[in-house]
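Here the protein sequences come in this chain order: A and B.
Take 1 as the starting number for the first sequence in UniProt numbering and just add one per residue.
Take 1 as the starting number for the second sequence in UniProt numbering and just add one per residue.
Hints were generated in silico from the structure; no laboratory data involved.
Among the hints, a few may not be true.
Stretches of chain B that chain A covers, calculated by requiring three or more beta carbons in the stretch to come under 8 Å of a beta carbon on chain A [said to hold, decoys possible]:
| # | segment |
| --- | --- |
| 1 | 193–206 |
| 2 | 249–256 |
| 3 | 259–269 |
So the derived list for chain A, only partly shown, Cβ under 7 Å to chain B, looks like this [what the hints assert, rightly or not]:
| # | residue |
| --- | --- |
| 4 | Pro62 |
| 5 | Thr73 |
| 6 | Asn77 |
All values derive from a computational prediction rather than experimental measurement.
For glycine and all other residues, C-beta sits at the position ideal for the given N, C-alpha and C.
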Amino acid sequence: MNEAEKAIKRIQAQKGVEGVIVVNAEGIPIESNLDHQHTLHYTYNFQQLLARTQRMMKDLDPQNEATLLDVQTEKNNILISTAKDYFMIAIKNSREGL
Amino acid sequence: MSVPHKVGIVKSKQAPNVNTHQKAAVAKGVKAIGKKKDEEEGLDTAEGEEWMQGKTLVKPPDQLDLTEAELNEEITRVLKASNPNAPQNVVRYSFKEGCYKPIVFVDQMAIHFELEGNLVHKESDEGRRLMAKQAEVDDGGGDERPDNVSIKAGKREQKLTNQFNFNERASQTLNNAPRDIICQTEPPPRANFSATANQWEIYDFYVEELQRREKSKEKHEGQFLNKEEDKSKKKIIQAETQNDDISQLAKAVKIIERMVNQNIFDDVAQDFMYFEDASDEFRGEKGTLLPLWTFQYDKAKSLSVTALCWNHKYNDLFAVGLGSHEFTQQGGGMLLFYTLKNPSYPEFIFNTASGVMCLDIHEHLSYLVAVGLYDGCVAVYNLKKKTDQPIYNSRASSGKHTSAVMQVKWQKDDLDSNHNFISVSADGRVVSWTLVKHELVFTDIIKLPVIDAIPDDLKDVIPTVGTSLDFHKQKEYSFLVGTEHGKIHKGSKYYSSKFLEKYDAHFMNVTRVRWNPFHPDVFISCGWDWMVKIWDQTMKSPVFTFELKTSVTDVAWAPYSSTVFAAVTTDGKVHVFDLNINKYEALCQQKVVSKKTKLLHIEFNPVHPIIIVGDDRGHVTSLKFSPNLRKKPKEKKGQDLPKGPEVEIAKMEQLLSSLR
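Bound-form chain B, shown alone:
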């Protein structure tokens, strides 16, 4: 609180009797109070002075000693309302003018005492609030529940909180007890793998890889060839990739089987290779045939061997066609492949719907086999494929033979490098079949001329049955066809209208015609009229004629000599001739099968001196030539024996010239 200033002239007497009130013992205050007192005393001097005179005067020791004159001097005192403590020369920086400027008006207020109060007016907001709160606190002082407070807070006026009657309630929500859940997955299966990598392993692997690639290439090509067989091939491929326990052993098993057979038939194997009949020396010209293995298949018991063919590439593999010649006994047929290494079981077995009448193995692609069937179909089998079915079948094709196919022969690939073969059948047609992609395309080559005996109106109906067919080794267009009537026709692929030559060969069925492998003009024929005849194609009558005691069913030239041939007859005998040695008689006439078994076919092995003969029981017997039968003309000492086809031709020529 400020003491109001009075500006006034206050006269003061500097009297020694200034201070008599010893309560205000401050020097200045003494003076001030003394002044007031003086004023009051001025008014009530009479009373004061009287009171004052009662006491003795005490001089403070530090009082100024002034003279009378100075004591009586009048000093004016002015009262100002300015605060002596306030700063008088405050300077402030003015941003507007950029310099310091003195502030003229300074707050002159001096605060002597300050006290914060907490009085609030009743009517103000705060006052009402506080009053409401206080009322609550008085009412609900006993209860300590927090929800209570919250309920009541809404109802009444809020109480003001102060540090004396303020309650705070806190609560904690229920915390679930923490749990650890751990999950562990199953570890991936482990296996220990160890292998050695050395050069052998690497080499083996590469070789296998190469083989696999070649296989897949073949499969690829095969699929292009025949789409129909895709399904069956897929199955086959699956079967191949299956990891069958036993099938991995197939190769080993095969080896064992062959070995077991070889060991069992060990003596036979030894004979095959090494045995030379020593007694031949004593026999003069004659020779013998040594029986080697017999091949039979139990499922083929009722069938007779209708065709035989050696494989040119694998000289121990030969094909046997089984069927029946009899018209009345027609059933299924089989195509079997045997190898000399395993005489007890065929390597390949194919079942055919009707009897096999003839077969031929391609000269170069030895896995292609053409088969002619009794019902007139021709089929081509691929040995490389594991399937039972032929890859081509003329069943559905339009040019199919209407009657049994008697002979098939492979030809050289045509201009489009498609394989083709020619067949002759009992319906009198000679047809060429070409393997074009998925099917067999037929081309009629020629039709066998009908004999004059048949009346004209029946000429178309009754065909001339062609029974045998052979192509010339050097001139492939030239061929011979033997017929049922005993005629042999020479034809050419280029002349489709008629035959070039006709030979009256036999009185009965011509069972076989064959060109001589060396001499270009010579061929041999045999027939049911017990005859075997050798011809020079330029001459109408045969050069040689041999009469064997029974129907001759087959004749074959030896591949190593132009003058050796062998014939089989229905009495089970094999007749071997060598024209170089004996022009009139057989060197060997030997019965090789049991009674009543007819021999039906004969074939020479291209390399080894053995022949196979097939009989009507379904058996195939292999026979080895004794040395006498294999004799080469004796060489003069010191002179190199010239070998080769020229020699053979010369030999034959010699013979022929002697007869002309």
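Same shape as in the complex, but just chain A:
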């Protein structure tokens, strides 16, 4: 297994992490530890958000681009990180301390 896969497994094993979704260039989730429906739901919604964010960043500053998006909600904390064509969603419970 290569490094990236190992790292994904580690993140999934971390305390407080509910789910990790890896989405490929075509918008299809290739790895996830949530159930299928939820996966698709999250993917669809966050893909749009991510695309919007990227466009916005390019509009503001063409040399810059967004690499990480952190959404803090009441129940949990969602991190979206982008690579070349792929992006990755990590959903974490927001807990006070650990």
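Place chain B on chain A using the hints.
Just chain B, lined up with the frame of chain A:
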């Protein structure tokens, strides 16, 4: 047929009774015949005249009326054999003479009648042929088969063909029905390609290209350095170029991992940056250490931390060497690199064959790590390479230490700009290793002097174990070596025969010697005899002595102040001293690990006010200094506090002078 000409004089009588034969009614012919008749009549006149007189004379209307005399005139008529119709004055152009010449002899033949005949002589060739053909035709007239004819043609004489009994046979060969065969090749696969080309894309592409080129340059250089590793590198290069789905995400995953960790340990991160213990105000001089992250690796549970080193370039990266100090418990070792950004998992993991005893990260090239192992090998790792193996290993080299390597330190590049480092080991030798192309070249610097207690004949056998080594910050040739016997030797790289100075430091093992980062004459040492001593190199006895309740395993100067240092002991406590504030007591003596865990190493972060301590469980704990421990001398209002090494030196000097 030509009428033969007779040339003769023909007498003729122009008699009225010329024409009585009305058959030849031609005027001339009448006359001619009349002439003949006259001749015949001349012979048989008697009979003719009698016949003639029977008829009446008829005169043609156009007959000439001539007189008697004229009638009786004798006209001679000549018969010639010449053709009156033949041309008489034919002229031909003669090329020889270049003029027209009359042709004298002209063909006088007059053809009156011509008829082509088809009679052939029997005996002639043609005649025979025709006769043969005729015979065939009579025989084979009934059959109409063409092959028959061909067969018989050879047997008999050929029949002549004529338009009446000639047969011609024709045949047509069988023509195959024409067919159209069409072949169509498969069209080349098509794909629709669309892309946008705008300035962002162009810029991104150029940046990538630059990075790729730099990578390939490095690979190129790396290949020159170590040919043995070519095969493994090829595999690595292949792996890099493979378009693995997941591996593209590596960077993103890393970010997420760090973020997740940061969010989980959010409070710790906040403390690290911002927390200042407010209760310090009430404590007077004392301070506390705030525990931050704990770094542990599950595979390193049985190992103890044997070395710690911060990376100078990346201030959040530090290296942990894992092995075992115990002689009996020797197994493998590990070299781990942690970053403060990801406390749950090390960034780099290297497994070593034997326990790691010491390590050092190069000051400038922070990817070069020198490691000393328990079995006496020294190895150099290159963090930039993705391989597990060290790029240099002294395993095979001849100058390898015969015993555990206790300390390694990088030096400045030598004259050939090769990297080199120095190691001290339990076999008593101080050896300099130079990285030359593919291998480590060793140079003995000095051998630790054997103590007098050992009898002479065993002097060569039982070495003096060197336990610690440190090089002066400013004068790189000057170094200190601590030994197992409690002595500290000061040496110089230029004198290989003996040491410059010897200090009786401790009664037991000297675990650490370190030069003061600012003051050029001061160094600190600690040992198993519970003591921490501060020395001025010019003086034989220590300037300061501190007794801590248990064996001191490590001591370190703070990088920001010349008077602050911290020590760790086997009872799990960290002691922090600031000589500027309190010359006799520690500002903080805090237990940071659970019971029975010994603290083995301590290191200050070059930038942040945190320390890491390693224990014998393989854990590394990071602690933050509370404000009291970091106090700078109070400035008078309005006066700018001068910073910099001079101040530190001055501080120390002040202290020392008070004691001399």
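Status of each hint after checking the structure:
no., hint, verdict
1, 193–206, "holds (count 3)"
2, 249–256, "holds (count 8)"
3, 259–269, "holds (count 7)"
4, Pro62, "holds (5 Å)"
5, Thr73, "violated (13 Å)"
6, Asn77, "holds (6 Å)"
In the structure shown, a violation is registered for the earlier hint numbered 5 alone.
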